[in-house]
Amino acid sequence: MKNAIIILILLAVIGGIVFYLIRAKRRGQKCIGCPYAKECDGKCSENNR
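Per our numbering, residue 1 is the first one in the sequence shown, and the count goes up by one each step.
Calculated directly from the structure, the hints in this document are not laboratory data.
Treat the hints with care, as some may be off.
As the list claims (entries may be wrong) - Pair ranges (Cβ atoms, derived): (1) 1 <-> 33: 32 to 38 angstroms; (2) 2 <-> 32: 20 to 26 angstroms; (3) 12 <-> 32: 15 to 21 angstroms; (4) 6 <-> 34: 28 to 34 angstroms.
Every residue gets a Cβ at the ideal spot worked out from N, C-alpha and C, and that includes glycine.
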């Protein structure tokens, strides 16, 4: 029973992450997690220098 609860919690967390990523991509964010995601042209690693 404990294993089932742990598996359900993990599935809920993973599902939430996937939902967030899909929503962010639909909004047009190129670099998800970057504070300048809506402003940059997709080269966030170069902006962090």
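Now for the hints, and whether the structure bears them out:
1. 1 <-> 33: 32 to 38 angstroms: holds, 36 angstroms
2. 2 <-> 32: 20 to 26 angstroms: Cβ of residue 2 to Cβ of residue 32: about 33 angstroms, so the range 20 to 26 angstroms is violated.
3. 12 <-> 32: 15 to 21 angstroms: holds, 20 angstroms
4. 6 <-> 34: 28 to 34 angstroms: Holds: the Cβ-Cβ distance is about 32 angstroms, inside 28 to 34 angstroms.
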